[in-house]
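**Q** Sequence:
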Amino acid sequence: MISDLLQTLPAAFLIGVLPGWFWTRCLLASGDRAEQFVYAIALSITLVPAVALSQTYLFATGVTLAVTLVSVALVFLAGLAAYLLFGPAKGPEEPLSRPPSSPGFPTLAPLAAALALALLMFLGVAPGGWLMIPIAVLVLAAGIAYWSTSNTPPPEDSRRVPAAARYALLSVVLVLVLARGYLGPIVNGWPFPRGVDRYEHAVMAGMMMREGSNESFMLYPPGFHLLTAMISRLSGFEPLEVFPILAPTLPLMGALACYALAQRLWGFEYGLAAALTSGLLLGGTYLHFEEARYPNFIGEYFLIVLAIAALVGMYASPSARAGLLLALLGSSTVLYHQIAGYSLAVLLGCVCVLFLPYLLLRDRKKGIYLTLALALLGLLSVIYAWDTYDLPSLVAGMLGGSETGRGGEAVAMAIGTKPANGPGHFLATMSPPVLWLGLFGLSLMLAGGKNAMGTPDILARLTLLVWTLLLFFGSLTSYSGFPDRFERDLGVPLSLLAAFALITLLRSSPRSGGSTVNVVALLAVTLSVTLVGAQSVLSLEQAAGPSTRLKDSPPPAEVVAAGEWLGRHNDGGSIVATPYLDYVPSRAMLAMGGYTRMQSYDAARIKRARDLPPFGAPPLWDALWVLQHPEDGRTAQLLEKNEVHYVVFHKRYPWIDWRPFALQRDLYRPVYENDSVIIFAPRQD
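In this text, residue positions in the sequence shown follow my numbering: the first is 1, and each later residue adds one.
Hints are not guaranteed to be accurate.
To be verified - In silico SDA-like cross-links for lysine to any residue, where the CA-CA straight-line distance does not exceed 20 Å:
{"no.": "1", "residue 1": "K641", "residue 2": "S574"}
{"no.": "2", "residue 1": "K365", "residue 2": "S319"}
{"no.": "3", "residue 1": "K365", "residue 2": "G91"}
{"no.": "4", "residue 1": "K551", "residue 2": "A428"}
{"no.": "5", "residue 1": "K418", "residue 2": "L470"}
{"no.": "6", "residue 1": "K651", "residue 2": "L624"}
{"no.": "7", "residue 1": "K418", "residue 2": "A609"}
{"no.": "8", "residue 1": "K651", "residue 2": "D582"}
{"no.": "9", "residue 1": "K418", "residue 2": "L612"}
{"no.": "10", "residue 1": "K607", "residue 2": "I656"}
{"no.": "11", "residue 1": "K418", "residue 2": "D484"}
{"no.": "12", "residue 1": "K551", "residue 2": "S676"}
{"no.": "13", "residue 1": "K90", "residue 2": "G31"}
{"no.": "14", "residue 1": "K418", "residue 2": "R608"}
{"no.": "15", "residue 1": "K607", "residue 2": "Y580"}
{"no.": "16", "residue 1": "K551", "residue 2": "N188"}
{"no.": "17", "residue 1": "K651", "residue 2": "H629"}
{"no.": "18", "residue 1": "K607", "residue 2": "S478"}
{"no.": "19", "residue 1": "K90", "residue 2": "F37"}
{"no.": "20", "residue 1": "K365", "residue 2": "R321"}
{"no.": "21", "residue 1": "K641", "residue 2": "D571"}
{"no.": "22", "residue 1": "K551", "residue 2": "D484"}
{"no.": "23", "residue 1": "K641", "residue 2": "T596"}
{"no.": "24", "residue 1": "K90", "residue 2": "S30"}
{"no.": "25", "residue 1": "K418", "residue 2": "D197"}
If you are wondering where the hints come from, they were derived from the structure by calculation, not from laboratory data.
When you get a sec, could you build the whole thing from the sequences and use the hints?
**A** Shown next, in the form of structure tokens:
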């Protein structure tokens, strides 16, 4: 384990941190080293893959070691030159919003009752989802009470936490977040990769290394697979080996991003709490990691958060540098994941409609800078999306009624085809402290608008509100296309608001006295801290345990052995395998064997017509035909057309039998077999 980390982490640092350091110093006005570090990561994973992508297009090459080194060197040297030429960014570093006033008895009493019920429900003392209704009513009542009774802002707190103490506290929180990622490998044996989606990402990263494109496999933006390919080239590990080593650090990236945004909005204490709530308490964070949805994680839990932080910075201190930072980070979501780009596009569309006209009328300088930044963001997004989503065909189809290409087909597959889970499912993807404290934090934030520090503060609060509402309503309808993803993503703003509420309650904690208000305040603080602590322990226990879904577990030894055999005997061509081998998808055979074709889905999934590869359903039906008709003339044509070298069967697959292939000795010969898997090679004429 240690040797794997020591071999891979330097490669990840050279590609994912160092190139963006001087860009960060040049574009970000901040003296906080942690904030600088997280923006350095964001700018590195934005600029280095973009430069590598341009090289693959210009020279028609894959991601080689030379492409990797040139990309890193160009980004680093360009950032250094910009820093030396223009100097460090300057601007205000004070939080945009002042801390809210301490809640009184009318607020604390219903909140304490809600937290008590939530804790009883969490501990299983009072089971039943019906408890969510009275808890929600009590939390909303507490928020309404705070809104109606909070008038006077608190006095300014002149005390400053020493830098050493700040970084020490943040380090403790980040170590806990890292533990959530690495406990699985440590407890269950190294490496311990979780998530079924890692196979498709390994295939596409391998295609990037060899061909410089993954468009023939899945409709996926190239950013993550470019990044993985470069780390693989520099570290010497194959993509499927890189994931279990580096994927556990992804929750840390999300925690740092929330720290940066909360620190920018409210101050260090809130940033520290946001790192805890998003990295250790938020259920959606770990679900994306556990299911190996790595591009989703980077796009939705990291880049969007920092893009919003950059947008908030534009409200306070507009400049060309701040605008460039917003454009780079916002457009990078398109480079990494469809849903991230989609979510941010809707949010920025609301900003353009609701806030931009006001700024252009009342504060022309801010309005012009924001307009130019959003225009550049849109231009870069179009460049990133041009080839991935076949934008020319999409636009032509929308205007003229012709075929809309890959992008239009993907949209048609998604809209209205996945049912929403509904609010009753929120606890499964968030957690009790994030949901209930986040709901209360939303009330605190809106009530604090009465004492806002100016237009930037008000716009920041409204942006956070719009972001939360968009994700909430997107999670409730199938017409958003991805209601389950919106539900998970809703946890990000709620974790920020939960941190806001938690620190507000801790600040209101009485130091002495026995009045009724003090007693209720102490009770609310105790219950909230207990709920946070209990969820933290549960999160770490679940991380150390086995995967919650069988298909996200490590594959059986027999399947791994068959995949390794395919890898050793890969002399080109393609393979076709049963859609699943035990609980492992056929893409695992492609990934372990180093192949890209033929993909195979079960019939029900093909008929569902959602999330299909760019080439559509016909090749998937072809794969099923081959597996079910060993002696058919069409099968022979398909084998020749697709250069199929091996046909792979799971012996106990329920709807496809391998025995007819064994009986056709003049057409196929068995070349590998164990207790679970058998592999045939078509005989050559």
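**Q** Each hint needs a verdict: does it hold in this structure or not?
**A** Hint by hint, here is what the structure shows:
A distance of roughly 10 Å separates the Cα atoms of K641 and S574; the hinted pair therefore holds under the 20 Å criterion. Proximity of K365 to S319 is assessed by CA-CA distance (about 9 Å); at most 20 Å being required, the pair is judged to hold. At most 20 Å may separate the alpha-carbon atoms for a hinted pair to count; K365 and G91 meet this at roughly 15 Å. Among the hinted pairs, K551 with A428 is consistent with the structure: their alpha-carbon atoms are about 19 Å apart, no more than 20 Å.
Under the criterion of a C-alpha separation no larger than 20 Å, the hint pairing K418 with L470 is consistent with the structure, at around 18 Å. About 16 Å separates the Cα atoms of K651 and L624, which keeps this hinted pair within 20 Å; it holds. Between the alpha carbons of K418 and A609 the distance comes to roughly 11 Å, so the proposed pair stays at or under 20 Å and holds. Restraint check for K651 and D582: satisfied, since their Cα atoms lie roughly 9 Å apart, inside the 20 Å limit.
For a cut-off of 20 Å, the pair hint linking K418 to L612 stands: about 14 Å separates their Cα positions. Distance hint between K607 and I656 is fulfilled; the C-alpha atoms sit about 18 Å from each other, no more than 20 Å. For the given pair, K418 sits about 8 Å from D484 by alpha-carbon distance, which is consistent with the 20 Å threshold. Between K551 and S676 the alpha-carbon distance is near 16 Å, which keeps this suggested pair within the 20 Å criterion.
As the CA atoms of K90 and G31 are separated by approximately 10 Å, the hinted pair is consistent with the 20 Å bound. About 10 Å separates the Cα atoms of K418 and R608, which keeps this hinted pair within 20 Å; it holds. For the proposed pair K607 and Y580, the alpha carbon gap of about 17 Å is at most 20 Å, so the pair holds. Our distance criterion of 20 Å between C-alpha atoms is met by K551 and N188, whose separation comes to about 16 Å.
About 16 Å separates the Cα atoms of K651 and H629, which keeps this hinted pair within 20 Å; it holds. The suggested pairing of K607 with S478 holds, with an alpha-carbon distance near 18 Å, which does not exceed 20 Å. Restraint check for K90 and F37: the C-alpha separation of about 17 Å stays at or below 20 Å, so the hint holds. Distance hint between K365 and R321 is fulfilled; the C-alpha atoms sit about 14 Å from each other, no more than 20 Å.
Annotation: proposed proximity of K641 to D571 holds, straight-line Cα distance about 17 Å (limit 20 Å). Proximity of K551 to D484 is assessed by CA-CA distance (about 19 Å); at most 20 Å being required, the pair is judged to hold. A threshold of 20 Å between alpha carbons decides the hint, and for K641 with T596 the separation of about 15 Å falls inside it, so the pair holds. Simply put, K90 and S30 have alpha-carbon atoms about 8 Å apart, close enough for the 20 Å limit, and the pair holds.
Proposed proximity of K418 and D197 is supported: the alpha carbons are some 19 Å apart, at most 20 Å.
Going through the hint list in order, the structure satisfies each hint without exception.
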